[in-house]
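S.K.: Sequence lines, in order, name chains A and B.
For the first sequence, our numbering assigns the number 1 to the initial residue and increments by one for each residue that follows.
For the second sequence, our numbering assigns the number 311 to the initial residue and increments by one for each residue that follows.
A hint or two may mislead.
[Said to hold, decoys possible] Computed cross-link-like contacts, DSS-like style, restricted to lysine-lysine with a CA-CA straight-line distance of at most 27 angstroms:
1. A:K297 to A:K16
2. B:K492 to B:K440
3. B:K427 to B:K484
4. A:K39 to B:K379
5. A:K39 to B:K381
6. B:K440 to B:K427
[Stated by the list, open to error] Which residues of chain A face chain B? A partial, calculated answer using Cβ under 8 angstroms:
7. G55
8. T57
9. E265
By construction, these hints were calculated from the structure, which means they are not laboratory data.
All C-beta atoms, glycine included, are put in the ideal place defined by N, C-alpha and C.
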Amino acid sequence: MQRVAPNNGLADALFKGLCRFFALSVIVLMIAIFIVLVKEAYPSIRAFGWGFLTGSTWDPVAPEFGALPAIYGTLISSLIALAIALPVSLGIAVFITEMSPSWLKAPIGAAIELLAAIPSIIYGMWGLFVFAPLFAEHVQPFFIERLGFIPLFAGAPLGIGMFPAGFILAIMIIPFISSVMRDLFQMVPPILKESGYGVGATKWEVIWKVVVPYAGSGIFGAVILGLGRALGETMAVTFIIGNSFRISASLFDPGTSISAKLANEFTEAVEDIYLSSLVELGLILFVITFMALATAKLMTRRMAIKAGRS
Amino acid sequence: MNKGFLATVLFVFTLCAFGSANAEGLINGAGSTFAYPLYSKWAYEYNKKTGIKLNYQSIGSGGGIKQIKSKTVDFGATDAPLTAKELEESGLMQFPMAIGGVVPVINLAGVKPGEVKLTGELIADIYLGKILKWNDKRLAEINPGVNLPEEKITVVYRSDGSGTTWIFTNYLDKISKAWHEKTGTGTAVNWPTGVGGKGNEGVATYVKRLNGSIGYVEYAYALQNKLTHTRLSNRGRAFVEPSMDSFSAAAGNADWKGTPGFGVILTDQPGKTAWPIAGATFILIYKNPSDCRTTKTMLEFFDWAYVNGVDMARSMDYVPVPLQVYEMMKKAWAKDVKCKE
Numbered sequence: 001m002q003r004v005a006p007n008n009g010l011a012d013a014l015f016k017g018l019c020r021f022f023a024l025s026v027i028v029l030m031i032a033i034f035i036v037l038v039k040e041a042y043p044s045i046r047a048f049g050w051g052f053l054t055g056s057t058w059d060p061v062a063p064e065f066g067a068l069p070a071i072y073g074t075l076i077s078s079l080i081a082l083a084i085a086l087p088v089s090l091g092i093a094v095f096i097t098e099m100s101p102s103w104l105k106a107p108i109g110a111a112i113e114l115l116a117a118i119p120s121i122i123y124g125m126w127g128l129f130v131f132a133p134l135f136a137e138h139v140q141p142f143f144i145e146r147l148g149f150i151p152l153f154a155g156a157p158l159g160i161g162m163f164p165a166g167f168i169l170a171i172m173i174i175p176f177i178s179s180v181m182r183d184l185f186q187m188v189p190p191i192l193k194e195s196g197y198g199v200g201a202t203k204w205e206v207i208w209k210v211v212v213p214y215a216g217s218g219i220f221g222a223v224i225l226g227l228g229r230a231l232g233e234t235m236a237v238t239f240i241i242g243n244s245f246r247i248s249a250s251l252f253d254p255g256t257s258i259s260a261k262l263a264n265e266f267t268e269a270v271e272d273i274y275l276s277s278l279v280e281l282g283l284i285l286f287v288i289t290f291m292a293l294a295t296a297k298l299m300t301r302r303m304a305i306k307a308g309r310s
Numbered sequence: 311m312n313k314g315f316l317a318t319v320l321f322v323f324t325l326c327a328f329g330s331a332n333a334e335g336l337i338n339g340a341g342s343t344f345a346y347p348l349y350s351k352w353a354y355e356y357n358k359k360t361g362i363k364l365n366y367q368s369i370g371s372g373g374g375i376k377q378i379k380s381k382t383v384d385f386g387a388t389d390a391p392l393t394a395k396e397l398e399e400s401g402l403m404q405f406p407m408a409i410g411g412v413v414p415v416i417n418l419a420g421v422k423p424g425e426v427k428l429t430g431e432l433i434a435d436i437y438l439g440k441i442l443k444w445n446d447k448r449l450a451e452i453n454p455g456v457n458l459p460e461e462k463i464t465v466v467y468r469s470d471g472s473g474t475t476w477i478f479t480n481y482l483d484k485i486s487k488a489w490h491e492k493t494g495t496g497t498a499v500n501w502p503t504g505v506g507g508k509g510n511e512g513v514a515t516y517v518k519r520l521n522g523s524i525g526y527v528e529y530a531y532a533l534q535n536k537l538t539h540t541r542l543s544n545r546g547r548a549f550v551e552p553s554m555d556s557f558s559a560a561a562g563n564a565d566w567k568g569t570p571g572f573g574v575i576l577t578d579q580p581g582k583t584a585w586p587i588a589g590a591t592f593i594l595i596y597k598n599p600s601d602c603r604t605t606k607t608m609l610e611f612f613d614w615a616y617v618n619g620v621d622m623a624r625s626m627d628y629v630p631v632p633l634q635v636y637e638m639m640k641k642a643w644a645k646d647v648k649c650k651e
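Work out the full structure: start from the sequences and follow the hints.
M.R.: Written out as structure tokens, the structure is:
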């Protein structure tokens with residue numbers, strides 16, 4: 001203790017204060033952004049009220065604005081993405097942790113992390129130039145011919161639209177969901193699994209009755225994390241969703257999302273109410289994403305408490 | 311993670327961060343993306359000659375108008391002219407720098423460029439969702455001898471706000487009463503039907519890919535992407551091909567003198583050879599600028615561009631401003647730009 005220089009107490013305090021400042025600045029920034037969004041969106045909030053959330057007209061000429069088709073498109077494309085990404089990610093995580101020979105684990109892990117590093121505009125262009133033509137020529141006609149009587153599969157084989165957007169989003173969020181799941185599964189104490197095998201359980205039973213339940217709500221957290229990313233994704237969606245401000249029952253019809261709408265129209269919005277309505281769209285996305293992430297945090301905390309008790 | 315929102319914040323930051331501080335020999339401008347390639351080419355050549363730099367941000371016409379109004383730039387550039395009243399209120403003057411054309415493009419198997427003829431009424435009804443198939447009676451009527459298939463028409467429009475859309479909708483607005491009542495003119499409108507591609511390249515891609523589609527792009531994009539354009543009837547009831555000549559004809563026939571603020575809208579101009587969907591791109595400057603030195607430098611640059619930039623413009627598929635218009639501009643600058651030096 002004697003070797004400690006007298007001014008180290010001050011350095012400690014400084015360091016502590018600095019770290020606290022950095023940490024708090026994130027919260028301050030969040031609140032500041034929220035305030036700015038509300039302030040800028042206020043003219044639109046005052047003009048359209050709750051009708052902004054339920055209206056389905058977006059007419060910059062009139063000007064009359066309603067956000068429902070964009071909110072709908074944001075949610076539906078993200079849900080499609082989750083519906084595809086969840087089983088695939090689960091499969092990847094289970095394979096890596098439970099089945100893969102150890103020499104294969106690292107390459108698969110690296111490949112998935114690389115998927116996460118690809119810029120979203122690349123996904124968008126790949127979607128538009130590669131995926132959309134293939135989808136329009138080989139997949140869509142099959143569904144439209146055989147299942148076209150169901151509104152879900154009606155429409156023209158454009159190759160762009162709500163489902164293609166969801167599909168591209170799925171590829172983009174699989175790395176996030178699967179890597180969190182892999183970490184969760186690795187946390188399962190080996191003794192539990194070995195006990196399972198000890199009493200004669202098959203691999204299938206161990207995975208579904210021991211590993212997955214142990215990870216429990218953490219899986220939910222991982223999914224919401226993916227959802228958070230899907231909700232706000234802009235460039236890739238803008239390329240492939242079709243940018244049409246309509247709500248349609250068909251998965252193949254073009255739609256739009258909040259972030260696509262913003263990316264498209266922000267630069268040319270001149271009138272105050274137009275700009276304000278776009279900011280309000282951003283505010284809605286902020287709130288949706290915030291709620292999704294807050295839910296995830298709550299769920300993972302509950303899981304941590306549960307794990308601590310057992 | 312949340313990019314839409316991030317864009318919002320960035321935009322706000324950019325608005326705040328722009329200083330109006332001017333370095334010697336530096337002109338700041340912002341606006342039209344349509345004119346961006348031309349202005350950068352001009353600026354590059356002018357810089358080689360004089361050492362004067364142009365800092366042009368192609369943030370879109372809407373942004374250009376906003377920035378010049380908040381005086382963060384020396385000039386704004388817009389594809390949609392401001393009205394005389396707006397100019398008056400904000401103390402701005404505007405003048406056209408170059409002219410371009412918007413061209414309807416289609417994708418029909420076996421149909422050659424320029425083979426299909428269209429009228430403004432027909433385009434309006436296609437974009438309103440009233441004409442749904444290519445073998446529609448009204449389309450067949452004016453296209454005898456063209457094999458129009460029984461194929462669904464897929465309408466393609468610009469999903470992003472753009473001057474191109476403004477010119478296109480302005481034309482439909484003038485021609486079709488139904489369009490005027492239902493949709494109107496704007497950089498982005500409430501499209502009754504169709505799919506949206508981002509940017510000229512987005513529309514060009516969709517039209518190339520989707521069979522039976524129709525879209526509209528700037529002339530240069532139609533040329534470069536080898537898209538199938540259509541002929542179009544004009545006010546002189548003739549069917550014309552889109553070309554530099556037919557755009558020039560539209561600009562030449564327009565009433566520049568009688569339009570306050572030179573805010574001439576070049577759609578549906580008279581003349582047998584005029585292309586009906588042409589448009590000029592405009593520059594906005596202050597009549598009473600606070601920084602006279604920069605304004606003088608700037609006007610010298612524009613003057614040089616009007617005179618020496620003609621061939622550069624042509625080579626990049628822009629139509630230069632007619633000579634008589636340039637002379638009018640010179641007079642207007644001398645008369646209206648007041649510098650207390």
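S.K.: Could you work out which earlier hints the structure fails to respect and list their numbers in ascending sequence?
M.R.: 7
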